[in-house]
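Put together the whole structure using the sequences plus the hints.
Protein chains in written order, with UniProt numbering: chain A, 1 to 204; chain B, 1 to 204.
Honestly, the hints are just simulated from the structure, not real lab data.
Careful, some of the hints might be misleading.
What the hints assert, rightly or not - Under the rule of at most 25 Å between Cα atoms (straight-line distance), these lysine to aspartate or glutamate pairs were calculated in the DMTMM-like manner:
1. A:LYS125 / B:ASP171
2. B:LYS51 / A:GLU107
3. B:LYS125 / A:ASP162
4. B:LYS125 / B:GLU189
5. A:LYS50 / A:GLU107
6. B:LYS23 / B:ASP52
There are 2 protein chains.
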Amino acid sequence: MAWNTERTRELLLAAATEEFSAKGLAGARVDRIAAAAGVNKERIYQYFGKKDELFDAVLAAEMVRVMTEVPITGSGPVAFGEYAGRLFDRHTTDGVLPRLLFWEGLERGGDTVSRATRSDHCAIKVGQVLEVLPGIDRTDAADLLITVITLCDGWPVLPQIDTLLAGSSADRTTRRRAFIVRTATLLAEALAADAKPAPEAALN
Amino acid sequence: MAWNTERTRELLLAAATEEFSAKGLAGARVDRIAAAAGVNKERIYQYFGKKDELFDAVLAAEMVRVMTEVPITGSGPVAFGEYAGRLFDRHTTDGVLPRLLFWEGLERGGDTVSRATRSDHCAIKVGQVLEVLPGIDRTDAADLLITVITLCDGWPVLPQIDTLLAGSSADRTTRRRAFIVRTATLLAEALAADAKPAPEAALN
DNA sequence: CGCAATTCCAACCAGGTAGTTGCAATTGCA
DNA sequence: TGCAATTGCAACTACCTGGTTGGAATTGCG
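Right, dumping it as structure tokens:
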């Protein structure tokens with residue numbers, strides 16, 4: 001054996017992540033990925049098979065990364081709202097995952113190769129939601145999570161929509177973040193209230 | 001003069017709407033559009049200039065159509081929630097506009113040719129929100145609208161995300177609709193409460 | 001150093017792309 | 001029926017694409 005094969009793989013994966021995020025599955029150019037990685041083109045086919053499978057590898061890696069970097073911790077509706085805020089921050093400073101997800105949704109129409117794996121990843125997150133907001137329906141937890149993910153992921157991908165807001169770009173982002181946090185908190189409160197119907201009059 | 005030029009235009013626009021919605025700007029094929037319209041290829045260049053401008057025409061037409069088909073009417077938070085429901089229905093039975101919007105966001109990165117026009121369209125909707133929920137901030141109205149649009153538009157484009165939900169496809173859609181309506185109503189109530197701080201104890 | 005695995009290089013293939021052009025056929029008003 | 005505008009047809013240009021191939025160069029273990 002010789003050479004550092006693992007490094008080659010990582011270089012390709014990093015370059016592919018950038019390219020797919022920017023141009024999508026159809027728009028991405030294999031030659032460009034190879035060039036950006038400083039690696040020869042055939043390595044891609046050797047390590048990942050074809051373009052499609054490289055995309056799968058990129059998306060899976062990025063999902064795991066974000067999931068571990070932005071955990072759902074703490075307890076109560078406010079803690080859940082803070083999770084929404086952290087996810088929003090993460091996606092506005094690095095919109096790679098949102099873009100990859102929407103590219104996939106548009107270009108592959110939901111026929112994800114790794115649908116089962118995806119489902120497993122998501123189930124973990126639902127579990128975290130249930131820990132933060134104990135007592136609520138598993139279904140409600142899933143719906144809540146979908147809502148927050150859709151809002152946080154949609155923002156960096158739909159820049160046209162901010163024409164509704166005035167002010168500088170930074171202002172608009174700050175305001176949007178606050179609104180999403182408030183929405184997440186409000187929803188979490190409502191679902192938590194559903195969970196324990198009237199445990200005597202709450203103090204405040 | 002001769003020939004029905006207007007009909008030719010409409011045939012092309014309809015075919016282009018279908019093609020762009022399905023494949024996006026880069027993925028759409030000019031030849032396919034022409035063939036589907038039963039019209040010769042050069043007509044596209046004659047009537048719309050280039051591919052990009054055809055996409056602009058398609059998107060503008062589709063926005064106007066949905067805006068007029070799904071107005072914001074009535075009064076109060078519940079009425080606003082019903083608007084969210086109608087928008088959700090419209091987008092789940094015909095996901096063309098959501099797809100076009102996300103394609104544009106991804107492929108053009110927000111450099112919309114018709115950004116000014118877009119802004120005007122949106123302003124009308126914000127005005128409708130203000131009529132339904134009088135007294136609330138214009139900024140809040142915009143944020144509320146962005147939230148509902150993001151949720152309703154995101155659903156048909158992010159089919160992977162429904163792996164979080166169990167049940168049949170129809171069940172999942174129904175449940176999602178209910179949750180979005182509830183979210184919209186809840187937010188509208190909260191913002192309306194901000195608007196008129198404690199107008200004596202409300203009779204339920 | 002020897003040697004096998006890994007990589008680079010450069011050319012190649014078959015297919016598809018947006019956009020153009022010249023010409024003949026069709027249309028419908030006057 | 002005449003005639004000008006509109007359209008269909010089919011070929012063409014210039015270029016780009018994913019994916020493959022053969023041979024030479026590089027690497028690092030033993």
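query = So which hints don't hold here, by number, going up?
reply = none
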